[in-house]
Amino acid sequence: MQDERIIELYFMRDESAIEHTEYKYGSFCRAIADRILGVYEDSEECVSDTWLRAWSKMPPERPLNLKAWLGRITRNLSIDRWNKEHAKKRYTGAQVLLDELKECVPSSFSVEHECEVNELSQAIERWLKSLDKQDRVLFMRRYWYAISVNDLAIECKANAKTVASKLYRLRKSLKRYLEKEGISI
Amino acid sequence: MKDKSKKLFDGITALSDELIEEAASPVNIKRRTWVKWTAAAASVAVLISGVLIGVFAFKGVGDSEAPAASAAYTGHDEGSVFMSYAGPVLPLNALNADDSITAKRELTFDFEPLRKYEVTDEYPDPKTGETVEYSYFTNDNASLVTDSYVLTNSSDKNITLDMLYPFCTSFSDLYKYSPKITVDGNAVEPELISGGYAGGFTGVYGNGGRDETTYNLEQPSSFLEYEELLLDGSYLDNALKEVSLADTPVVVYEVVNYRADREDKNSPNPSIGLAYTPGDEYTPISYGFHGYHGEDGKHTQVFSVPHEGMKNDGMSKCLMFIGGDPGDVEIGFYKTLDTSKTNKSEAAYGELVRYESTLLNMLERFTDEFYEFKMYENSGTEECAVSEQMYLLEVIRTLTEHGVLSRDVKDRYSSGWLMEIFNEVNTFKRVLYERFSVTVPAGSSVRIEVKMLKEASFDFDCAHTEAAGISGYDTAVSLGSSLNFTSLAANIEDRGLVEIVRDNFGFDIAKGIKHVELDTGTERYYLEVRELE
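Protein chains in written order, with the numbering used here: chain A, 1 to 185; chain B, 186 to 718.
For reference, chain A alone in the conformation it holds in the complex (with noise of 0.2 angstroms):
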């Protein structure tokens, strides 16, 4: 079913919405569940939300791209949930992520003040939108989808140090940008 019509029984109150979006976004939401916390039930839970937090926004909200608005949810429930568990559960994904995005933060001596969310995201999106493809989609799938880096190595059939090492760059790169721009977090 396209998303528009699926948006539509969002917007009719029709439960059969949850179902369609299960059956076309559910493996979407889950990998992105899964590869934040690794825990399969925490995981199918998460997707669960989603649904239900989906649910509860639409309407008022339309979103114009359906995949990435629910993905977002999902990323946000997920490291929500690591937000309050990780003193009790070993997320590695999560662990993992976090520990790697600590390298793109800049050093607090050079900051002008600090920003929010949106400015943090805005710059983020100036900064990936100076690279090439390659490096850009590289970050994504790896910070917005949450791709380990073995996978990523197999999926751009390249070896797993040279997936980390431009990873590396990136993330220098990233942490040199915020810090050229004033902003800190």
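Rather than coming from a laboratory, the hints here were simulated on the basis of the structure. It is possible that part of the hints are untrue.
[Stated by the list, open to error] If the Cβ cut is set under 8 angstroms, some of the chain A residues that face chain B in the computed set are: (1) N83; (2) Y143; (3) K161.
Being a predicted model, the structure only gives us computed values, none of them experimental. Cβ atoms here follow ideal geometry from the backbone N, Cα and C, with glycine treated the same way.
Dock chain B against the given chain A, drawing on the hints supplied.
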């Protein structure tokens, strides 16, 4: 810091639909494209270690962040790829880095070693027998690098750091390129730690060739390869890990009192072989043998009897079996290395002795002997920069990671001839570490200065490549280091001896720009120079 990572995570979550859609499908990573030729003849399948045969033509680059380089050549927007790559100058590291410590780094490339000096030598005239003296001018294709650090402790307590200074070389060149370290002007006596072989293995026809064998060494040949080697810390972890060998029993067949009669110096060397029935239950491993022959269900390992007075005259000749004993080992004497029945000789002599030992005992004995017979060849002196113990451990590491004791036996070492490993451990490119401790007083700083001769990367003149005559020096800014570098600067002392062909430091000798402040976020700085006439 976790909150900050989380905020970055959230910032990434909020990226636009457009970027998310674009990244829905993967793209292949474009690798640097290499054109490389190697000696293709099967007869040279096993290249002598340390001699690289190849031409590398550089076609593309991947780092969009690299600053534009001075355009001496077309087709380059970062450093050249050299046929002989010396590895980068690597940054100081601390095993127990502390957030309160920051590091300022300053590098100096001094080209005084390129100044030519006169060498006088002598040789006996073959006709008259008189000693003839001659002299020539030479220099070192190297730069004297000073790699200085100021470590500052912003906390209110003294902090003692477990420091490592990594550098790229081989055991055979260590005596030339070993760094000298001072802390606040006082020399330290660091502990030397060796990493394993830094390269890989490739087929008879080279990387990307027609076979997937592992007969040839593929020594690391680019900055990227060192980056891949050191980035995840596993190479260092491995270097710090204790190398051990299980107390493996071996059955030893040793040829003793061997010798050969020769009619004259031009007659072929007679050989001695040990024949045995091969079996799955035992693994042959030998020292001093260098030939192999299979006939009538028997395998024969053979060695050429050295001339009296040859360097290897008197070296041990041991065939060992791990896991069992074939029980039918026989000694045979041959006119040449051909061990067929029709080639038997009565001009070679030797006795076969059987005994039992452990592999470790035997390796210790061979290392001792190897040092006595071979190591002085390194530097022309009997002094060696690497201890016997370190050498032994690296032989064991190679044997267990790549040799017949490995789960992934490389074709190169599948014969079980230990002498190949003993020789190549000496010339493997590797990263070594000088380890020392430093206490940075509360609210104060210490200055660590590393001085070393850094060999250049280069192309062989005979290859007539674009980079012939150019010497390259790479620097890694923070690769593999856990220190927090807050500033980076570099200097060049050209001494009127070099011109810069290409660099991303920003030096300009003609304009007097010999000191530059650099970006700690750029991982690689390269400098390529040419000697002035």
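Hint-by-hint comparison with the structure:
no. : hint : verdict
1   : N83  : holds, 7 angstroms
2   : Y143 : holds, 5 angstroms
3   : K161 : holds, 4 angstroms
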